[in-house]
Amino acid sequence: MPDKPKVAFYWCASCGGCEEAVVDLAEDILKVVEAVDIVLWPVAMDFKKADVEARPDKSIVAAFINGAIRTSEQEEWARMLRRKCQVVVSFGACANSGGIPALANQFKTETILKYVYEDCPGLDNPGKVRPLVKSEDEGRTLTLPEMHGMVRALDQVIDVDYYLPGCPPTPKLIMAAVQALLSGKLPPKGTVLSPDIALCEECKRKDSKPVDLALTEFKRPHQVQIDPEKCLLAQGIVCMGPATRGGCEALCPGGNMACTGCFGPTSRVKDQGAKFVSSVFSNIVPKEEKEIDAVLDGIPDPIGTFYRYGLSKCLLRRKLN
Amino acid sequence: MNEQFEPKIVAFFCNWCTYTAADLAGVSRLKYAPNVRVIRVMCSGRVDPQFVLDAFARGADGVLLGGCHPGDCHYAEGNYKTLRRMRMLERMLKGMGIYDGRFRLEWISGAEGDKVKTVINDMTKKVRALGPLDLPGHFRDWDKELEELEAHVNKDSKKAEATHAG
Amino acid sequence: MDKTAQKVWNQAHQQANSGRRTVTIDPITRLEGHGKIEIFMNDQGNVDRAYLQIPELRGFEVFCQGRPSEDMPQLTSRICGVCPTAHHMAATKALDDLYGVECHPVGRKIRELVYNAFMLEDHALHVYILGGPDFIVGPDAPKELRNVVGVIGKVGLDVGKRVISMRRRIREIINYAGGKVIHPVMGLPGGVAKGIAASELPKLKEVAKDGLDFAKFTLQVFHDIVLKNDAYVKLITSDAFTHKTHYMGLVDKNNKVNFYDGDIRVVSPDGREQSRFPVQKYLEHISEHVEPWSYIKFPFLKKVGWNGFTEGNSSGIYAVAPMARLNAADGMATPEAQKAYEEYFKVLGGKPVHHTLANHWARVVEMLQAAERMVELLNDPEITGKEFRTIPTKTPKIGIGVVEAPRGTLIHQYETDERGLLHRVNLIVSTTNNSARIAMSVDKAAKGLIKDGKVNDGLLNMVEMAFRAYDPCFGCATHTLPGEMPLVVTLRDLKGDIIREIRR
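Protein chains in written order, with this note's numbering: chain A, 37 to 357; chain B, 592 to 757; chain C, 251 to 754.
Bound-form chain A, shown alone:
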């Protein structure tokens, strides 16, 4: 009987939501597990680094790697898996474009370390002790991985074959991706495994989206009652739908909140945040600078809003500071 294809799951700077999404395959996961041999899954199984290192190169058919690259240890794992696997799937928003952890690219690593270990309220650290890459405790040497200067997407560190978008990807898309892999019917390398359309197409509120948005004001969601039927942009609430790839079937608008862009851009866009600015802001009403500025004041954190999941993929990559 032929060996089942080997599959690996690994997580970098991740919250574990992508792993949970695999678990949410629920009854379907039985089919997956029958068809493959999982050789690495630290969250659930006890295979160690050395076990993977010992395998011949390219002996693992596919690795699903989620999480952004934030530390030296994560980088090392990503490189190692690239060698051992035939196909690498960048799984989830963090691996694809940095995810929410990439918002740290607006801050220096030193700023983060200083706040967490010196300035944060409630600290009892008069000696300003910091975690160190190498430290001594009563004569014993201990090591920790190093934090990189910035958060990176997976393909900024290794070559990636496919991308599964989402925060997290939906079970439906995950199942489709696994089936494509097992059947061998794979799209061209570099494909994002989700429909290449803007989210507005899939949203139930589509019909109430006006051709000309004519925005006079941006409202923050806690300031207003939100109509559950009407297009969110038409209500003046910032919704990333126009600049976001579909595939999730508009779950967040289904929860009566705006899309925040977690599926990343479509294939025709280089920089999701800039594209959103291009599309939505051309449609605000005022023509005078001062009035325009007053409308724009309704979005106090442009970077956090337009690049919430994709700051690593912003053309500028990180803040200069």
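Accuracy of the hints is not assured; some may be wrong.
Said to hold, decoys possible - Chain C side only, calculated, beta carbon under 10 Å to chain A, not exhaustive:
1) Gln-303
2) Leu-307
3) Pro-318
4) Arg-639
5) Pro-642
As the list claims (entries may be wrong) - FRET-style restraints, in silico, Cβ to Cβ:
6) Glu-456/C / Glu-324/A: 54 to 64 Å
7) Asp-93/A / Tyr-690/B: 44 to 54 Å
8) Tyr-666/B / Ile-233/A: 19 to 29 Å
9) Asp-663/B / Glu-327/A: 17 to 27 Å
To be verified - With a cut-off of at most 27 Å between alpha-carbon atoms, the simulated DSS-like pairs for lysine-lysine come out as follows:
10) Lys-685/B / Lys-355/A
11) Lys-286/C / Lys-85/A
12) Lys-150/A / Lys-506/C
13) Lys-326/A / Lys-685/B
14) Lys-506/C / Lys-552/C
It is worth saying that the hints were derived from the structure and are not from the lab.
Keep in mind that this is a model prediction, so the values were computed, not measured.
Don't be surprised by glycine CBs; every beta carbon is placed ideally from N, CA and C.
For this one, chain A is given, so just place chains B and C on it according to the hints.
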């Protein structure tokens, strides 16, 4: 030798107004700083904010956008859209540490050859004083932390294979 | 272990008896997050000290600065994708406090419904799939069975399918009310974004009813398989897994356990109330200590003080999560849970219970309360109200919110300008509260088990159990796990060079 930094400024000029004005400046033999590379677009509204970011990412020290005066756009509304988008883009650039006049939006009509000269000279002077932005150089510096580990990992992995073989 | 490996082990023993060495377990597995354990041995072959190191930091408290506070429920849920609802809820409550707005009564019912649903499904995951193998099957069972396959073998495939199906149905409730179950979107100051339609109510009630049956069934399983087994009871009450620390949990005004809201109550190792305070005063009570060998911080009780990694009345180290919650409260808020609570303390010899492994049992008791609360809330006709959010009107400044996450007390603090943009954030994340006690547990287990240079299979399981008992955030929910629990043990000589690497 005096190695003064000469900024690279990318300019997007709209065909109907600003580009015409630049032409006029040329024909009138007005001298202005040679630091600007002009890209002609049919309307300032054609300039996608992605172009601006891309220009910076590829090494521009400054980006200049020239369009028709409000109300005079050849396509009626194009320059209003430009204004709205670019006001937001400026905020975004600030959030990413790029400001102080590296990105500039000007309204220059077809007859204002002189304004082209003034704007370009002024912007070149200001960006020169700010110094190079050099994003490609920064990208290289930031990625140094990757190169070091890559070499280390590749060296180590050869060792690991030997130990665990068999 | 097979013969070749056994031979290698024995060789390693002999070689190891000369000179000091370290044993590394890297990475820790079957939990959420990354970690490694470094065990240092002395010349006699006994454990000098074991360190649990957390090797990463993402910096949420810093990179949220400057951002709109209403984004925090969705931003902070990315701290953990297994308990995103906990962060989402703590953040939403912090927003209520920030804007000085009281949650709309219907919104509150919806929040509590979602929250209890989340507690129920998350606890079920751990009882059956993560904690289960170490308990339902037993720590000295063959390693091929020390996983969910073994659990199913003990309780039956039908039960396994029931667990998966029950979890899926409960999570669909969160999907419905919250938009997404992983990273919900419902939380806003003053209420929630989406209401519950009356047409959905019959289906939801059925899920809640089945959920309660399921929780009762789980308690029965626990009785039959764990409590009726003397060896397991002995293990639970053994000294290697006992620490006498302080305990913290949320209690309502009657001092009963409450997951969603209440005051923070702390009891001392000998069972007296040490303090009781609203979360707004947490900084008067909780401080954090830092060590250079881990990115995680170590919270402790300020008024007691940091006395190193020690236990007892004069050490500020405290525990959170199910066992701690039951210790810190005077009872459960719902009847079936209360019965189970009384039995729990009766069997384990009164309050407080210090046996770390009792967390697994306490978790089942909590499942009952979560399910009973769901039934109560869904039988409240007001929950389908057409309005469920009060728009805030006051100017924001500082807000602090607390919930009991499955893993323990979770605190979010936000300070903003008058527009609600954050300028300072402090988060005390559930497992962090336990970090000092976990470090002690790993150290104690290693010291108690590794003696005279003998490094063997028992070490691998027991040291991991010491960690796993605290409910690592994630576990396996697939249906096949290998019997082998592969592990690497690295033996180094005095110079730090590797003598041998043993893998099983």
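Hints versus structure:
| no. | hint | verdict |
| --- | --- | --- |
| 1 | Gln-303 | holds, 6 Å |
| 2 | Leu-307 | holds, 6 Å |
| 3 | Pro-318 | holds, 6 Å |
| 4 | Arg-639 | holds, 7 Å |
| 5 | Pro-642 | holds, 6 Å |
| 6 | Glu-456/C / Glu-324/A: 54 to 64 Å | holds, 58 Å |
| 7 | Asp-93/A / Tyr-690/B: 44 to 54 Å | holds, 47 Å |
| 8 | Tyr-666/B / Ile-233/A: 19 to 29 Å | holds, 28 Å |
| 9 | Asp-663/B / Glu-327/A: 17 to 27 Å | holds, 19 Å |
| 10 | Lys-685/B / Lys-355/A | holds, 9 Å |
| 11 | Lys-286/C / Lys-85/A | holds, 12 Å |
| 12 | Lys-150/A / Lys-506/C | violated, 39 Å |
| 13 | Lys-326/A / Lys-685/B | holds, 18 Å |
| 14 | Lys-506/C / Lys-552/C | holds, 25 Å |
Consistency with the previously given hints fails for number 12 only.
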